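A.B. asks: Next come the chains, spelled out residue by residue.
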Amino acid sequence: MSDTDVAASPSGGMDHHVSVDPAIVTEPRPAADGGPDMVQLLTPEGERVHHTEYDAIIDALSHDELRAFYRDLVLIRRVDQEATALQRQGELGLWASLLGQEAAQIGCGRAMRTQDHAFPGYREHGIAWTRGLDPMRLIAMYRGVDKGAWDPAEFGFHGYTIVIGNQSLIGTGYAMGIQRDGAVGTGDDQRDAAVIACMGDGATAQGDNNEAFVFAGVYNSPVVFFCQNNQWAISEPNARQTRAPIYKRADGFGFPGIRVDGNDVLASYAVTKTMLDRARSGDGPSLVEAYTYRMAAHTTSDDPTKYRVSAEVEIWKLRDPIARYKRWLMSEGIADHDYFEAIDREADELGEHVRTATVSMPDPDVGDIFDQVYVEPHQQVADDKATFTAYLESFEGQEVQA
Amino acid sequence: MSMQKTTIAKALNTGLRRAMERDPKVILQGEDIGKLGGVFRITEHLQKDFGEDRVIDTPLAESGILGTGIGLALRGYRPVIEIQFDGFVYPAFDQIVSQLSKLHSRSRGAVKVPVVVRIPMGGGIGAVEHHSESNEAYFAHTLGLRVVFCSNPEDAYWMIQQAIECDDPVIFYEPKRRYHEKGEVDFDAPSAPRDLFSAHTVREGTDLTLACWGPMVKVCLDAARVAAEEGRSLEVIDLRSVSPLDIDAITRSVEKTGRLVVAQEAPSFVSVGSEIAALVTERCFYSLESPVIRVAGWNTPYPASKLEEHYLPDLDRVLDGVDRALAY
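Sequence order for the protein chains is A and D. Numbering-wise (the working numbering), the first sequence opens with residue 47 and increments by one. Numbering-wise (the working numbering), the second sequence opens with residue 1143 and increments by one.
Honestly, the hints are just simulated from the structure, not real lab data. The structure presented is a predicted model; accordingly, all values stated were derived computationally and were not measured. The C-beta atom is built at its ideal place from N, Cα and C for all residues, glycine as well. Hints may be right or wrong, so weigh each one.
Label-pair ranges, simulated between beta-carbon atoms [what the hints assert, rightly or not]:
hint	chain 1	residue 1	chain 2	residue 2	range
1	A	Asp192	D	Gly1373	53 to 61 Å
2	A	Gly300	D	Asp1458	55 to 63 Å
3	A	Lys352	D	Pro1433	52 to 60 Å
4	D	Phe1411	A	Ala131	48 to 56 Å
5	A	Thr232	D	Phe1329	34 to 42 Å
Produce the entire structure from the sequences given, and follow the hints as far as they go.
C.D. replies: Here's what the structure looks like:
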């Protein structure tokens, strides 16, 4: 039985966290499209679906803010495309593409407040973008210049985490710290904070994620587990990670879980914002499953033709997050042709910048191997650094043989 | 209070209390550490006095304890984590090795993770499996961590406070079979008697150096006393820290004595003792009168407790190692 089969079955009263207006959803959405419980505010055709719980959040957004979502989506997709191309040209060691997941990430990231903190995996380029982190910092990591050496405190965006699931626990611990700082439930919008802990569908199988659910539940911590279900954990489909739909798992841990259309930036924003508000106000954790699709390979080292059919990819192309949003902005008169052209020009300029900045990125100093392993000196590290320095110096003044 | 006779367990408890009084960011996390005070009572009464937010009874999930501890540290707290027994640390191994040890260097110094992981270690208490291990080599092998052992009440009292003040992550081993052995502690001393990461020569001698740490310090001191009756002068060094390793203290001693026996509970194969043997050979080869001898747990899993007296290096086996070194 696959995840989607379960989602199609009668919900048996398990979905009490989600309220869908029955007058609007007349026919249950097929399981393969996310199932009947999935919150969708914008159809793949770009039509607004009204929702009693979330409409007010969308209505409160100004046209500037709505246009800014579009800009985010287009620009981060361009960064992603350039990075993929740069890897193909040998300029990056690896790249993990976010293609197809832009709406999930931009909606989530834009729902965060300055004082909130995100704990990402390694594909959260869109969330990083919303936190003001220069994409070149991400590219530096994939180029092998550093290991993702930004200051998390500066951006409320922590280091990329490659070991699957580790960050869910770390984010939960951070949320426990927020509680101890008295920064939950005070009603002060500038003070109350929450955590976004990112994971993918594969990560839901990890012990660390399930332990994070336990800890966050037991301590009622202000953390929103944001799971991007992109259907594939490298070559393994959902059915190899979970028997129950991911969002329903929250029920067993004692907090709400919601599936949202991850290709719908409005839905991702509205649901994440609702859950972050809930967390900041002291009502505890939640799980948001953003139902989306990894349009590209797992990373540039992967070959998805070995394990998935192109027909599936073609279906998801029709659900593209940017195309549907652009259609809606146009039909609503929120943005016009000139606006879209201006964004395209900005994307071209950004792409050019990414290319030039990548190839001109200096290699790190060899001292980086030894420096900052520890805060305070450590004799074995110091001894090795001295040995290596002496070794390098032994070549100084020698003629290099051609 | 001034000079008092106390146990390692009580000294640790007082040291934790002092650290918590001094810094409100110090918090304790672990299984059963609250009302119960921990299975060894090291945290006794601390939850009552500092509250449930600072002495946290956690779910029974070691990776969860470590992972959330790291998150708390990133928020500015200084978590002190109790792992209930040495053999229960492995579920947390991933968080310790993949995150705790590497976050500072990965961020090029932007973040600090001052987490202390307390682990009651070693055998000799007749316990069932997984309760008697000496797994320091795993952590010493992981650069980014610091690994220390207390062996007596005075060190227990000071070292736990120094470990908590250290901005690097520290694996803090406590010799569980020595928890209730007594020693003198000056609770009113203005500062710690020695640096957290320095070795301590606990007995001076001229014929041979015994290097040891944690529970083996007492065994080695006893061995040195017996050897003295036979006219042999052994120098005993309590390493206290195995990462960093105070190798200079060892080589200084070996340059004087010419012989080194390393005594440890852990198996000898790929161990801290192996590393010391290699370093001493590299650094003072011409001072050595004999090969470096390792007296260690056998290269097997820790045995059933009825056999542990044959597994753990005792006074006789240490002296046998001394005899072998002196035979050269």
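A.B. asks: Checking against the hints above, which ones are violated?
C.D. replies: none
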